[in-house]
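Work the whole structure out from these sequences, hints included.
Just so you know, we're using this note's numbering here: the sequence shown kicks off at 846 and counts up by one.
The hints are simulated quantities; they were obtained by calculation from the structure and are not laboratory data. The beta-carbon is built from N, C-alpha and C at its ideal position, and this holds for glycine as well. Where hints are given, some of them may not hold.
[Claimed, not checked] Quick list of simulated restraints, FRET-style, between CB atoms:
no., residue 1, residue 2, range
1, D902, I953, 36 to 42 Å
2, W929, E901, 29 to 35 Å
3, L847, R924, 34 to 40 Å
4, G981, S860, 28 to 34 Å
5, V970, F910, 16 to 22 Å
6, T919, G982, 23 to 29 Å
7, G981, L847, 35 to 41 Å
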Amino acid sequence: MLRGALYSGALPLQSMAALGYVASPWAILCWPCAILITLAFASIGMAGTTLHADVEDFDIVSLAFIPLFLFSATFYPSRCSPGWLQAIVRCTPLYQGVVLVRAADLGIFNWSLMCPHRVSGAMAVGGVMITNAALGGSLLL
846 MLRGALYSGA LPLQSMAALG YVASPWAILC WPCAILITLA FASIGMAGTT LHADVEDFDI
906 VSLAFIPLFL FSATFYPSRC SPGWLQAIVR CTPLYQGVVL VRAADLGIFN WSLMCPHRVS
966 GAMAVGGVMI TNAALGGSLL L
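Laid out in structure tokens, this is it:
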């Protein structure tokens, strides 16, 4: 979690500013949004780590995360994909995180952004709860 927070810190935002991609002063909120995404995926990763029996099981994680990463609309808009794939992409948690960061950069705030916050928050809480159950309730909540 700390590593993800550091990697998504000031340097990416400074790079965006240097290249002229900061569209609003609200872009400073990109960092807390990125930390929320990091927390969500770190907790799911922690839950997966406690549930895997062998090192070979982590290939399944890569099998899930690589398409999730490539089709999250980070590198190109989801409208470039066929309609059926757009519907699937909109349901992925990483896409929801990308929506949050883009909205923060553009200074867009509306009620539709509550869904991505809830998805990331639910992932974080769910991952910690699964980890807590797998470790026998030894985590403090």
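Consistency of the hints with the structure:
no. : hint                    : in the structure
1   : D902 x I953: 36 to 42 Å : holds (40 Å)
2   : W929 x E901: 29 to 35 Å : holds (32 Å)
3   : L847 x R924: 34 to 40 Å : holds (35 Å)
4   : G981 x S860: 28 to 34 Å : violated (44 Å)
5   : V970 x F910: 16 to 22 Å : holds (20 Å)
6   : T919 x G982: 23 to 29 Å : violated (37 Å)
7   : G981 x L847: 35 to 41 Å : violated (25 Å)
When held up to the earlier numbered hints, the structure conflicts with 4, 6 and 7 and fits the remainder.
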